[in-house]
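Number of protein chains: 2
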Amino acid sequence: MSTLVGSPLSVINLGIDAFADPIGAAGGGVTRVRWSPPAGGDIQVNRALASLVGNSVVEDANRQAFAAYSDAEPVLDGIGIAQEVIRGMGSRTLLHSGPPVAWEKMCGPMQGAVIGAAMLEGWAHDADGARALADRGEIRFAPCHHHGAVGPMAGVISPSMPVWIVRNARHGNLTYSNLNEGLGKVLRYGANSPEVLDRLRWMAAHLTPVLAAALQALGPIELKPLMARALHMGDEMHNRNTAASGLLMKQLVLGVLKAGIPAREAAEALEFVVGNDFFFLNVSMAACKSMLDAARGVPGSSMVTTMARNGVEFGIRVSGTGDTWFTAPAPMVEGLYFSGYTRADAARDIGDSAITETAGIGGFAMAAAPAIVQFVGGTPELALANTMEMMNITLGRNAAFTLPQLNFAGTPAGIDVRKVVDTGILPAINTGIAHREPGVGQVGAGLTRAPAECFNQAVVALVGLVQGVAAR
Amino acid sequence: MSTLVGSPLSVINLGIDAFADPIGAAGGGVTRVRWSPPAGGDIQVNRALASLVGNSVVEDANRQAFAAYSDAEPVLDGIGIAQEVIRGMGSRTLLHSGPPVAWEKMCGPMQGAVIGAAMLEGWAHDADGARALADRGEIRFAPCHHHGAVGPMAGVISPSMPVWIVRNARHGNLTYSNLNEGLGKVLRYGANSPEVLDRLRWMAAHLTPVLAAALQALGPIELKPLMARALHMGDEMHNRNTAASGLLMKQLVLGVLKAGIPAREAAEALEFVVGNDFFFLNVSMAACKSMLDAARGVPGSSMVTTMARNGVEFGIRVSGTGDTWFTAPAPMVEGLYFSGYTRADAARDIGDSAITETAGIGGFAMAAAPAIVQFVGGTPELALANTMEMMNITLGRNAAFTLPQLNFAGTPAGIDVRKVVDTGILPAINTGIAHREPGVGQVGAGLTRAPAECFNQAVVALVGLVQGVAAR
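Protein chains in written order, with numbering that gives the first Met the number 0: chain A, 0 to 471; chain B, 0 to 471.
Isolated chain A (complex conformation):
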């Protein structure tokens, strides 16, 4: 004690500054560690977390879930019509992004996409008619994720839409996504003008047969090697798909030529593909879901298998808690706005595309895509920092997806709800920004984080299930 009093003070202070301030004022050395108790000190969450950290049931389950995710081999298997290939979709149904949400609670862009899809399907002749149909409850709504599908932004998939079919060659599970329309005024951002619907009609009637014939001629395309190459070419495959789209296009060109498609139809289809640097996004999403679905339903696992937003709520699902959604209000997005738009125009975070981050790419692989900051904001240093930070909340690295900028380390993957709650580090997401009103479209792109509340809920829900597994 006499030593302590007699020599210069050198103190490490965790958390509250009130302890550090007087020591500093008295001339003592203070190293301040920023810390706050998990979940803002919530007792229930902290007790749950304490029982899950180091828990061998959870550790074993996570090893199994992460291995299934890592071993998955998504292949692009073909294109089908939604109602023909998506199990249990039925007619008069629209799939949408994120967790479940009723028509009257949907955000502007999702309502805009629903109205557009109802007109596209011929259920209504105009926007008022479509709105009335929805008001009367004559459209069934379900999350894409409840049907093995994913859709970017509003994520609306209607029965007659063409969808990519991705098969996990290792575990057999099938996933789906719609086809990417390009940027700007597009259905997924809530636009529904005649040009938007005409483009969708052309895609179904003209683009799809060409792509389907090309894929038929090529056979299944392995997606992980293609995605791994794109990560070495500056893509993170959520908001930057330039390289991956080019690599897919190279394959499709050979397929188109092999299939003997007439030159004019081939040219029209390939011109659309060449002109759309986001063409691969929806394939990327279906591939990510394919890998993550392989990790679903492992009893006791704290690995996140879904992150998705409907523009109102952000929801996650966890391997060990099955189909339960843990939701919180969807956050706003910090980003760069297209000319003429500001933050006041922005809808909240929306879309199933956070499945990319869930699978370790997107914001988690942002280090691979420094040029993306010209689109979503931030700096190349931030891109590196985001990837490094995600290493604190993930179960491992995806050995198939290496990042040259981090000396070929695998991308951080397998979000552990325990680590998110324990560290307070929230999953980083790169995303597009839709206009808050129906019918407008995209207004920018930016960065956001998943809300903490989802992970707190998941930790609490997992405890009882883990005890059940241990008791077996």
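Here are some chain B residues the structure puts well away from chain A; computed CB gaps all over 12 Å: (1) R130; (2) R135; (3) D344.
Rough simulated footprint, nothing fancy, chain A against chain B, three-plus residues with beta-carbon under 8 Å: (4) 240-249; (5) 259-272; (6) 366-378.
Mimicking SDA-like on lysine to any residue, the simulated pairs with C-alpha atoms at most 25 Å apart in a straight line are: (7) B:K418 to B:L381; (8) B:K257 to A:A203; (9) B:K257 to A:A211; (10) A:K257 to B:G259; (11) B:K257 to A:A258.
In case anyone wonders, no lab produced these hints; they're calculated from the structure.
Model, not experiment: these values are computed from the prediction.
Ideal Cβ placement from N, Cα and C applies to all residues, glycine included.
Start from chain A and add chain B according to the hints.
Only chain B this time, still in chain A's reference frame:
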């Protein structure tokens, strides 16, 4: 003086350690700055350098030369047959890479390529016949660079070969390069087996007409925007052309379809292009020469306009010294070898492809291409460091070629012979490695540096010319 003796010594030591060692041994603080006099202390070079540094004639000339390089607008204008489009090439002539070299002094891979080209042209039926023809002096040899052309590795362009035509839309100058054959057993690496010659015949007879028709249908393709995009996609466009090849391919596909080429021919041609990630290299080289030729012949300028190697000698040309080559023995390359080969198999540094580094890409833009280290060796940190180091020996940055990894700084460009001599920092080059014997082909890829001696000679040669300009 009493202060100096009384207080602890803190010394900065430049160069020779013999001064620093006793101070360090006596407990003094020594900061050692690594320094040695320019050009190893050579008096003539140092006098020349002293008269050129800060010289307003040189500064003005360099501003003019660098502006011309920066303003150049290379466009891919078409494909032609070498002897029909390359001025003054004539028949019975073979162009080769690097500075002038006589047949009997050529390295193995260049002799191998010459033998292959003589057979390709029908001047000889076999390798012995081709060799005899060259021995008897019946083939005229000239550097590609003397005819507005560039060729990678052996760089052999024979009269009937198809060549890319690049036009500088800003200044009107034309440049040429042959078509890329792919990797492995190829003429440019000195291989000349029947499969090599058959591929060249197929390229002339089948690939070229398809590409020519596609380019005709498309019109001129602007190369700087394409190259700028590729730099954001992990290419440095010397040893990594994956993205640029894909971007060019996207254009060509549309051209092929627009031109109405029959499906089988189109498929065969595009399959070759899709399968060759180096396809853009030769276009990149012609574009780089296009930009640098715009900077040629500015009286007094110390800017390097050519770096090229013939496998025996490394040569440079400087804007203010016109067509004079300054040469030194070609260096060895430190690199990664293909399975079954070692350093003992390697030829010396060879090829006109260092025109990419001269123009600020390749080794100078290595920061943009961290994944390249898996091909040429080194680490992503080295890739960054090489680009940063090149900023010390260049006149400026190319504002059109930004590097995301360096927060979108322009790539260092416009090598100043004065700065190279003054700093001792030698231009960094990424390159392929040919087998030293004729007929084998590529054995690896790696990193090297231009030899100092070339720059020392250039500085000395420039002095008299600068005095002449000043006297006018």
